[in-house]
Each structure stands twice: as structure tokens, then as C-alpha cells.
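First to last, the sequence lines map onto chains G and U. Number 103 in the working numbering belongs to position 103 of the first sequence; there are no gaps in the numbering. Number 1484 in the working numbering belongs to position 484 of the second sequence; there are no gaps in the numbering.
Hints should not be assumed to be uniformly reliable.
Derived pair list, reagent style BS3-like, types lysine-lysine, alpha-carbon separation capped at 27 angstroms [unchecked claim]:
| hint | chain 1 | residue 1 | chain 2 | residue 2 |
| --- | --- | --- | --- | --- |
| 1 | G | Lys-243 | U | Lys-1314 |
| 2 | U | Lys-1140 | U | Lys-1120 |
| 3 | U | Lys-1140 | G | Lys-86 |
| 4 | U | Lys-1140 | U | Lys-1119 |
| 5 | U | Lys-1140 | U | Lys-1150 |
| 6 | U | Lys-1378 | G | Lys-219 |
| 7 | G | Lys-143 | U | Lys-1120 |
| 8 | U | Lys-1366 | G | Lys-86 |
| 9 | U | Lys-1278 | U | Lys-1253 |
| 10 | U | Lys-1140 | U | Lys-1162 |
| 11 | U | Lys-1377 | G | Lys-242 |
| 12 | G | Lys-243 | U | Lys-1377 |
| 13 | G | Lys-219 | U | Lys-1366 |
| 14 | U | Lys-1377 | G | Lys-225 |
| 15 | U | Lys-1453 | U | Lys-1253 |
| 16 | G | Lys-225 | U | Lys-1386 |
| 17 | U | Lys-1365 | G | Lys-86 |
| 18 | G | Lys-291 | G | Lys-219 |
Computed footprint of chain G on chain U; a stretch qualifies when at least three of its residues, placed anywhere within it, have a C-beta under 8 angstroms from a C-beta of chain G [claimed, not checked]:
| hint | region |
| --- | --- |
| 19 | 1354-1365 |
| 20 | 1456-1463 |
If you are wondering where the hints come from, they were derived from the structure by calculation, not from laboratory data. Glycine included, every Cβ here is placed at the ideal spot set by N, Cα and C.
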Amino acid sequence: MKYKIQVVKKAEVSLSKNLLLSLLAIVSALLAGGIFILAIGHNPLNIYGSIVQGAWRSPIAIKGTIKIAIPLLIASLGITPAFQMKFWNIGAEGQIIMGGIFATYFALFFDHLPHGLLLLLMFIAGMLGGGLWGLIPAYFKTKFGTNETLFTLMLNYIALYLIKYFTEGPWRDPASSGFPKIASFAKNARLDQVLGLHAGWVIGLLLVVLVFIYLNFTKRGYEIKVVGESTNTARYAGMNVKKIVMRTMFLSGAICGIAGMTQVSGAAFTLGEGVAGGVGFTAIIVAWLAKLNPVIILIVTVLFSMLEKGCSVMQSSFGLSTAVSSILQGIILFFILAFDFFTRYRFVLRKSTN
Amino acid sequence: MEQINHETMAIELKQITKTFGSVVANNKIDLSVKQGEILALLGENGSGKTTLMNMLSGIYRPDSGSIFINGAPVTINSPEDSIRLGVGMIHQHFKLVEALTATDNILLGSREKGIFLHKKRSEKIREISERFGLEVDPEKKIYQMSVSEKQTVEILKVLYRKADILILDEPTAVLTPQETTRLFEILRRMKQEGCAVIIITHKLNEVLEISDRVTILRKGESVATVTTAETNARELTELMVGRPVELAIHHLKTDFHENLLEVHHLSVADEEGFETLKDVSFDLNRGEILGVAGVAGSGQKELCEAIAGLLPLKKGAILYHNEDLAGKSPNEIIKMGISMSFIPEDRLGMGLAASMGMVDNMLLKKYNEGKGPFVSKKKARELAKKLVKQLDIVTPSVDTPVRRLSGGNVQKVLLGREIESEPNVLITAYAVRGLDINSSYTIYDLLNEQKKKGVGVLFIGEDLDVMLELCDRIMVLCHGKITGIVNAKEVTKEELGLLMTDASGKGGDAHEV
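The shape of chain U in the complex, shown without the other chains (with noise of 0.2 angstroms):
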């Protein structure tokens, strides 16, 4: 059958479906790019976005249903055999080798004919970089990169395949408002190039301004395919929510005075005596919402781990009632009523036990207490009763193991069993991240209510927009140093991208409360 369509379909998805077990990941979906347009792939976590790709990268294969590929019927059985039909996928985890150069990465895996690596190797890559506007140094090692030089290597090596469909899961996810400007003209010109890219995301501003059309998902359907010019924010969120949502962070006053935490001149250094946090100062006062804000891998995973005594100090003190939480074990610092909620993409390797059920998760932290040898299960039962109904989780039972649960569900375990230990101090990493909007809002509204209780709340957060709503303060981070610590009510988001990246040049200096 000849296709007769200016147009060429660069992809086209017909009826495709997956399931994992009892689960139907994607069912019955239909989606179609055309060459030199770009597809933004929306939908809340677990809608099957990212399943979907991955069948098109051959990563996952379809149970049922066809994809054509330039108009022709296409089996995709493995990697190999997507990147030989020029689909490229740059993965939200780069797959990168951190000891080599840009054109070493690049050319892994190429399968090019001879034995040796060709001095000018490297030329081949200046070329296609400069047609593309990519600016990347191919003689550069990748541990030398930033987060987005390294984006920018994944979209090369895809190129130098010759990959004419690319596809983005969540690029914009570890990028600065400033790098995903620049990701976005890098997507445009690929776009006149003749490209066809599809990017996944759930950022409603992101998929505005970057694409033509958007086919949203939902439950693992694809819902609707609507032109981006004729849409809106409150469209898309209904049709990806599957309802009308209101999206306002209610935003709480409170009347504390009282200082919590402080944090004086703390350094911690990792095992190969690297500083992770440099000379970190802030306080955290009663009934505030402190926000964190910065680059994924800035420091935020120590000072949480720090706060928490699972790291030792360098240097400095971390004052909590006037004393120093230094060199105190994690158990007397969870007594005093410290509360880590969870770290970031490690709910299930730290916070909670992934193949216990929620009863005995709900004991992590107080299975101590109590006289004699044996562990009461019983208020521990009660606990995981009432959170899945207060907080709607859904579970097939309190005792199925967690690692069953949906991320969403994870979370809600997790954080409700740190907020019902009525803690003092509450550091959140991530709170939302994996979750539904709803859910979001469900956790939102849970932080304001122990702000209200006159907890000082850490929020380590990554989504900008979110932050600048709920949080009292906003302290940012850069390489492990405190950029600046600003008031939520008089920063804009190109502001705190700034900071974000230290363009002020003049890190560490701001402590104003």
C-alpha cells in the first residue's frame, strides 16, 4: 500500500499495547509525528509515556498493534535495531562513560568498520555539532561536563547515528530555566532540519512553547491529539487529569518567631575527601516552609543526610535547641524529633523496606520502643489502616510488600508515616516527584498542615513554579555552595536560575533571613 501524503508519517504507532503481568501499561494507542514537527508526549506518571518510547526504542516489545517507520512496517527487536531505523532516544539518565572524551562517547558502540580509532575522529562530531548549533568541545571528558554539556553529548551521539526521530524523556527535568532555553532553540533547529522529535514531559509551559502538536495519555490511553496553537494550560491539565483540577498552592501565613535549626559553616567531604557541601550557613525557623532549590547533585542529598547524622561533618555545627546534632547517631537525632522524610530516587533503598508490608514499614523507626524482646505489631497495623484511608493509598493490603505499590503510593506511605511521628523538623527531597497531580496537591496541603503546626519544613524541590508557591524562603544551592537565600514572594524563576548555576559569580555570600 503506497502512502500518498505530502506529509510523510516519520512514526506512526497503530494500536499498540502492553502489559506487564495483570498490568495494561499502554492500550490500544495510536500516535503519529511527522517529519519536522515536534510531538510533546504528556501525561501523569504512570500513564505509559515512557513504556511507550521505549517500544520504540527497542527496549520493550508490543504485545499487539504496528509501527511504521517513513510509511513502512517496521519489527523493532532491540536497540540496534531502532538506532538502523534512525530512532534515537535520550534517556532522563544519561548513559554516558564519565573517563572518556565527547567523540570516545559518541563513537562507543558505532559499529564502523576497522580496527583503530581514527585521529580525526573528532572532526566528524565538530561538524555535525556546528549544523546542529550544538555547542559541545568533542576533546572534553564528561566529568569535566555540566548536566547539560552531557544532554547535549546524548543528542549528539544520536545524530552521529544518523537518527532523524529523536525522542527526549523529561530532558528538562535536571536543566536550569537558562539550559532548557537553549535545549529548546537545539530542538527547533533539529525540527528544520527535517527532524521529527517527540518530547515526553508533564511541564504544561514546557509543551506550549515547544511543540506543534501534543498527544496526551492517560491510564496508559492515549486520550487526545490536539494542536498546540488551539490548546491551553487548563485544557491539557483536564484532559491529562482526566477532570477539572484547581492549581493553586494555597500559600499559608504563620505566626512563629521561634529559630529551629541552625546551620553554621557546615562542610562535608565524600570518601575521596571531595567537599559536597562547602561552608553551608542558614536557619530553619517554626512554621516555615524553607524551600532548596538547585541543580540535581548540588549538595541537597548530603545536607539531608547530614541534618539526619548519616553523614559525619567536616566542619561546622548544626544547632537544633542550642545543641549540636554533630557527631550524634541517627536514633538520638530521630528522638529529638527530627524527621528525614526521603532521599532523592531512593525512596525504596532508604526510608523504607521495599518487600516489607506497610505494617512493618510503619515500625522502621519505632520497633524499639517498648519492654522486652518481642516487636508489637498491633498500633503499627492501626497506623497503616488509618494512613490508607486518610491518604487514599492503594494497596492490595497493609502487608503487601511497598515495592508493589505505585511511586505515588510509595510516597504517601513514607511521608505519612514520618509526618504521624509528629517530628519538629521535617526535611522532604523530592516530595512529588513520581506523582500524580492530584496526589501533588495531596502532599502539598499535608506540608502546610504541619507548617500550621509550627514545624519547620525543608523542602528540597526541583520543580521551580511549585517552589516560588509554597515556600516561605528559597535557599539555592551550586556545587555544594548556598548561592543565596531569598524570599519566595520577591524572586522570579529566571532569578533563582541564576543562582542555580552561580552566574552572580559570587557564591556563598547571601545570609539574609
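The shape of chain G in the complex, shown without the other chains (with noise of 0.2 angstroms):
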């Protein structure tokens, strides 16, 4: 007798069984890493230890986790409005790069204006050039029906490009002797600390509850799961969806936006090519694996954030190269990425017939 496995749709998942999920998750991820550091000889128990205590052991440490958790966190909640509406906006990275460059517009150039002014100057002009880059693929999309999945994507490389134009163009620091970058934010122009560390934190935290809100009880978020759920029934119910999906995007992308205008005044006092360093793409990961739910976005965020700074200081206290933690965050990363398939799928076996 011959057998088949076939993949099956579940019905839906207690709660508790999803946190057993993904605890198994979590479990097995550690239990393939561990075979991988077998493997390249050294003892995974140690390795294992060492990420977590390279995330958490000092201050230092500590502040370099949450510095990772910024622009991650606010990226997500960024998204996530847009993916309530089944809006498929894979444009964070490129609306961060925009709340970049608008952001760093002011930087450089009203520098001379009070801190407070230039940061709200900042702030907003953030905000506007993320939105804006987020206006862009809801208009075509509910002008034209265009896919907003290729459309936010390809506006990444777009905004990416501005930046290499900016740096090597009109905005390369003359004092740099022919090298191409961006000046340094003079101090004026730089987010305030706050606790040790730049006030990025105090903003994301401000938003997870904001997000929350919005979407759990206000009208405009009530639209958006309407919305989201078929835009039959929001036209029915006499909602104007094209307005929905436009504003919903410019706030999506606004926040976006600030992840970008927090990064350039708080961490990197410049404007550069990395300033969003693939954040926007983690954070689909992220928003997805919360179940686009604001709080269980700040949970998984610093989960992320500590596997990527214990990480870097596992490699170099063991004397690693970097391709080694790149794997191991690869196949943690794949491991809840599968088990996340378990939420939705189940398998069967199958007798089939002679």
C-alpha cells in the first residue's frame, strides 16, 4: 500500500495551541542551530549563552539591542495598518529612506533654527515623505488597479537611488575632500537622549499604544478592517473606500517615515545608503509572525533585536566569521517561519489507491 501526504486547511487554532506552537517553534529552531554549531565544533550550549547574555549583559549591550529595536518596532507598526487592509505594502524600506531625506532636508539646511522647532521641523517633514511615498502606489492602486505589492517594492529602489543621487550630488559634505557623503547633523539637529539613549525609543513606545488604539477603536480603524475584509461590504455599508485606502497608506508610510527620521537624528547623525539596512523587509516579517496585533509587535521586535545583537557579539567572542551568525539567525528565522505554517496547515497521511 502505497501512502501520500497531503496538506490540509485547518479550522481555526486555540490560543493556547498557537503559544504551543510556537513555543515548539522556538524549541526546534534551537535544536537545528544546535546540530549547525556541532557541526563547526563548538559546544552550542555555550553559543547559545553567549547570544543571550551578548544581548542583555551590560548597559552597553543592552542599549545596542534597543538601538536595533527602534527603527524595527516603528517600521512594524507602520505596516501593520496597511496589512489590516490587506494593503500590501512591501514599500517600508523604501518610506523609511523617504522620512530619511526629507527629514535630513531640514537637517541640513535649518540648522540654524531652535532644537525643539527643528525637530518638530524634522518630525513632520519625516512623516510627510514617508506618507507621501506611501500616497503614491494607494492612488494608482485605487485609480488604476495597479498591484500595490510590485509597485511599493520597485518605489524602494527608487527612493534607495535618491539617496546614493543626494549623497554624491547636491548634498555631499564639501568638507569631506571628494568623499562621497552627507555631512554630519550639527548638534542642534540631533534627537534628544533619553534614559542613555536616543529618544527613538519613547516615540515607538508612544506609538505601540497609539497603533492600538487606532485600529481597535477608533472609526478610521474600524474602516480599515472593513476594508480589509472586502470592499464589497465597506461600499455597501456606504464607506468611501478609494479615501480609506489613500489615507490608510499616507499613515502607513508616515510612520514609516519616522522609523527613517529617527534613524538619520538619532543613531546615524547622517544620512546614508544604510539607513534603513533592510529594516523595511524585517519588519513584514515581524508585523506577520505578531499577527498585526500592536503589542505582540513590541514582544516580537525585541526578541528580533536581541538575536541580532547576541548574535554579532557570539561571533566575535568566539572568534566567528559573520557568515556563521547569519546562518544560525537563517535557520532560527525558518524555523518559526515553518511553524507558522503549522497555525494555518496540518498534514495528512494518506492511503492512496493501486
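Two chains, two frames, a set of hints: combine them into the complex.
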């Protein structure tokens, strides 16, 4: 008798089962990663220990972890409203960059303004930049039915090359003796520190609360959910679907833009090609794993940042190449995503006819 | 084991059980059909008819129990297996490629040798169609065919694959009375040829007309199998529902003489410019139920959506209290007291948000009321609880996503919400589709209550018997045109059937009040 495996969609999964699956995912990820570590001749326990320690062992380490978390958190929150509307915005990367570019404009050319005013301007400019970058695909989607996934993806590249243009062209630092870079921001244009870290983390936490309230308790949040369910139902209920889509995408982009603003003014003090550095893509994974819940996004972000920070510490203290930590991160991510599959589907073994 | 039975059983199902999660769809069901016999499978929606048949056609697999075909035990793992065993299923929704001819649709997916299509491929099909009396032109493209022709192609398709066991899932739902008669002739012919036929239905008169035996399912169990000649409609209903049911629809007389809605020369075109509604004119009075009859896809959906402001009008006017609705947004129309409660086959795609609970769904048209940026859910929660009590809605809680409720309960949520909004005009499309008998009568009562209050009800229906009893007037649509508006008291089902196919040939003339 032959057997074949079939994939079957699951009905609803209870919360406790979901938690169990997540736990199982982590355990399997650690086991698989452990085999890999053994294979390169190290003790998995030591390596894992140093990852956790690396993320939390000292105030400096903790700061490093949080610094990684800030843009990731804000960008994940930014993606969430769009995703709840089933508008597949994978342009967070570009929206972060545009937020950074707009903010940088004020940082470079208005640094004579009072500190508070300048930062406020940069903040608004960041939101505007990201927001407009989100609005463009939304406009074309509602007007001509273009595919938002491809559209937002392509805009990422345009944004990236815009930075290149500014770095090598109009905004190039004259004091850099020919090296293409943008000048470091004046002190005036740098984000304040709160408890020894740039204020981005305060903004991030505030946004968790704000996005949570917006999505769950406001009329606009309700509209987003209904449009995500079915545009027909939304139209039937008398909603202006186009307006909702454009407004929400502006908001989504604007929040991502904030991430760009905090990066340039809080972390890098300048604008470089690495301002987003893939955060916009990781944010998609974070938002998705957190099932688009702002509070869970916070938790997932912290875990992700821990992994990244811890891995970099581990690799330097064991003298391993960067590839090792990348592979390890990859294995762990892979398992977590794979188990997400099991919250939706299950395998069934069946007799096949002869 | 040899079966010593001079009448071989074409199909025998023994103790078939199928569960979906915690829901038992089929519980130890026994069923058998002889060769040359027509078996009706009768049961309310959700009683497990389609699930059971899907196991025969290889879409589902039973959890336990065994299937015998022509006396031999078989395992059916896929639709291919089922075709090989001679089982052919004709689904409610046709699975045909519109752009191909009947012949090519029939050949599609058949596993014959060779790479090229044979030039004379139509011949063989013509042969089969003549043998069974199936009138269809093998060279005709599907999109040019009427619904009943398409169904004939589906039947030919399974016969071509040498099926001698035929399963038809609610085949008459899309047919006019005349087409139904023709289908039944075909089925009788197949019976003579020795085929075994299973027909799934919930229409009692059809069961009595066509079947030899009836197996009745209730809540996933087979409650009885009776010989058709020895039973009657009352007994069958009792078996189906589980208790005696009063089968009369109350017809109310009202005393309103006010005109509510006037539709003048309304035309609507789809994206390709094809007119889905052509010059439609009628009016709707207070305290009246105006039925809309017609074969599925005759423009019912477009009519609803045009009145609700969801479709742009190409021509014409819709007057409500002498104000033209053309160009008004759905929101404005809702505020004027016109409520559309549902759209065919798409209760969850339009009208309700599937992943939201009852409470959030109650808010759908009202979330914008009240000041401030926040949604207030208090009233909606009270309303949801009230509806659960009033309409016996079965749900774990008012926050359970409505997609997890059964079809009947979803319908009650939707209609309950619309009625609570106290509309002046209520549009219902296929209000009782998918509902059990008891819920259907609850809905009829609700509509009558609205009528009593002076609401004008536009009732888009499919069961002509029901419409004749419930409605005051019946408007018949055919290909987007009105072929007649008749008084429900003075018309017969056959006359309606003729109007539905526009057999009178004078489409769009009648406009009598």
C-alpha cells in the first residue's frame, strides 16, 4: 500500500495551541541550530548562552539591542494598518528612506532654527516623506487598479537611488575631501537622549499605544478592518473605499517615515545608504508573526533585536565569521516561519489507491 | 463474499462517517442505489447531503465506513478514482470553460491517447447525446448557451466518461419549470439505460415526481429510506425536519396606497458595456411585497445594486418620494431609509464582515454615528444580544466571527440588522437560500411584519411556490428586461416559467399596476 501526504487547511486554532506551536518552533529552531553549531565544532549551549548574554549582559549591550529594535518596531507598526486593510505594502524600506531624506533636508539647511522647532519640523517632514511615498501606490491602486506589491517594491529602489544621488550630488559634504558622503548633522539637529538612549524608543512605545488604539477603537480603524474584509461590504456600508485606502496608506508610510527620521537624527546623525538597511523587510516578518497586533509586535521586535545583537557579540567573542551568525539567524527564522505554516495547515497521511 | 442479488446495487454506502473538526457532518450513514433507479437524497441545508456525495466523487474521504460499487469494496481518493469507477457528479455550479465548445469541454481532462484532437471528435458526442435524448449542439460555445444547455453539457461530460452512476446536486435550482420537466425526461431515459441516479434536492414536489426511493438525512444521519410511491409531502417534511410543520405562508392584506419607489427606464451596463438591465420600469408601494422572479443572472443582482447606489446607472431614474437616487452615494441612500439586506451567494462578501463578530457587524452602517473619533460598541452589543434572543441565532458568543456561524444564522444576523435599522424600503435577495424550513418561515414572518408596518419589500426569490404565496405582485426578469409584472393571485407557476424564458417573445411591454 502506498501512502501520500496531503496538506489540509486547519479550522480555527485556539490561543493555547498557538502558544504551544510557537514554543515548539523555538525549541526546534534551537535544536537544528545546535546541530549546526556542533558541526562547526562548538558547544551549542555556550553559543546560545553568549547570544542571550550578548544582548543583555551590560548597559552598553542593552542599549545596542534597543537601538536595533527602535526602527524595526516603528516600521512594523507602520506596516500594520496597511496589512490589516489587506494592502500589501512591502515598501516600508522606501518609506523609511524617504522619511530620512525629508528629515535630512531640514537638518542640513535649517540647523540655525531652535532645537525643539527644528526637531519638530524634521519629525513632520519625515512623516510627510514616508506618507507621500505610501500615497503614490495607493493612488494608482485606487485609480487604475495597479498591483501594490510590485509598485511599493519598485519604489524602494527609487528611494535608495535618491539617497545615492543626494550623497554624490547636491548634498555632498564639501568637507569630506572628495569622499561622497553627507555631512554629519549639527548638534542642533540630533535627537535628544532619554535615559542614555536616543528618544526614538519613547516614540516607538508611544506609537505602540497609539496604533493599538487607532486600529481597535476608532471609526477609522473600524473602516480599515472592514475594507480588509471585503471592499464590497465596505461599499455596501456606505464607506468611501478609495479615500480609506489612500488615507491609510499615507498613515502607514508616515509611520515608517518616522522610523527614517529617528534613524538619521538619533542613530546615524547623517543620511547614508544604510539608513533603512533591510529593516523595512524584516518589519514585514515581524508584523506578520505578531498577527498584526501592536502589542505582540513589541515583543517580537525585542526578540528579533536580541537575536541580532546577541549573534554579533557571539561571533566576535568566539572568533567566528559573520557568515556563521547569519546562518544561525537564518535557521532560527526559518523554523519560526515554518511553524507559522502549522498554525494554518496540517499534514495528513493518506492511503493511495493501487 | 458473493452477493446473491439479482438486482445489483450500483452503490452501497455502509456506516459512512465524516467529521470536520468537531462537527459531525455525516454520522454512520447507510445508503444504496440499484442500477436503473433514481434515488432522491432529501434533507435540509446542513444535513450532510453534499458532504456525503462529495465522498462518492472523491472530493472528501470518509473517516470511517465503506463504499461498495457494483458489489466491490472501493477506496475513492480523488475525483479521478471516482471517474474511473463510473461515478459522475454534476455540481450545482457548472465547471465549464466558457470560451470552448461543448465538445472540447467534454473532452477536457479525459485521458485518451494521442496528442492531437481528432477532427471528428464531435461525432462521438453527437452519438451519446442522441442515445440519451440530450439536445445540444456539440460545436456551440459554452458562453452562448443557456443555463439548461450548460447543464446538459455537464451531463454529457460524465456520460462520455462512461459514468453509469450519476449524482446531481440541486440540478433544478437554476432551471425554469419547463427546463426542469425536460431534465426529468433525460433522467428517466438514463434510468431506462440502466444508470443509477442520485438527485440531491430539498424540493418535495420534485422528489415525488422523479424518484423511485427517497433517503432522508437529518443533522448528518440517515433517518429513513422510503419508497416514493408510498409516501407524501407531509410525511417527507416531518422526516426531514423531525416534527410536524405547518407549511402555509401567511398572506397579509395591508391598507396602504402610497407609492414609495418608482423606477423609470433604468438601464445598467457592466464594464464591457453590456447592458445587464435594459429599460426597467416598475414601482413599489408601501406595505407591499413585490417579488422578482427570473432565472439566476437575469439582472437581479444589478437591480439591487443599482437601487442601493453601488452601480452607476446608464440611463433612467429611481425616484424615492419623488427624489432621484441616481448619483447619490450609498451612504446617502442608506440615510434615506433604503436598506439592501443581501446579495446572491455573497452574504459574507457583501453585507457582513466575515472575520468580525456579531457586535462589530451590527456597527457596519452605524459606526459613523455619534461624535468623536471613537466607535461606541455598547448599543451594538445590546442589539446583537437582542437579535440572538429574538431570532434564535446559534452562536458561541456575540463576538464569534460570523463566518463560523451556519448559513442560516448568518442570514438571520444580516436580516435582523437590516430590519432593526427600520428601513422604508427593504431589498432582500434570496432571503432564505441555505436556510432550514423553520428559519425560512421565521424570515417570511419577519418580512410580513415589515409589510404590516408599511415597508415596501423587494423580494428577489427563486422558489416560485413561495413567491406565489408571499408576494403581492411578481415582476419577472429575463436577460435584464422585465417580461411581465403580474398579480401573484392570478398567475400560475407555468405562466411565470414562460415569462422567465421570455417565451411570450414580447419582452418588456408589461407595466401594469
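Return the numbers of the hints above that this structure violates; sort them in rising order.
3, 7, 9, 20
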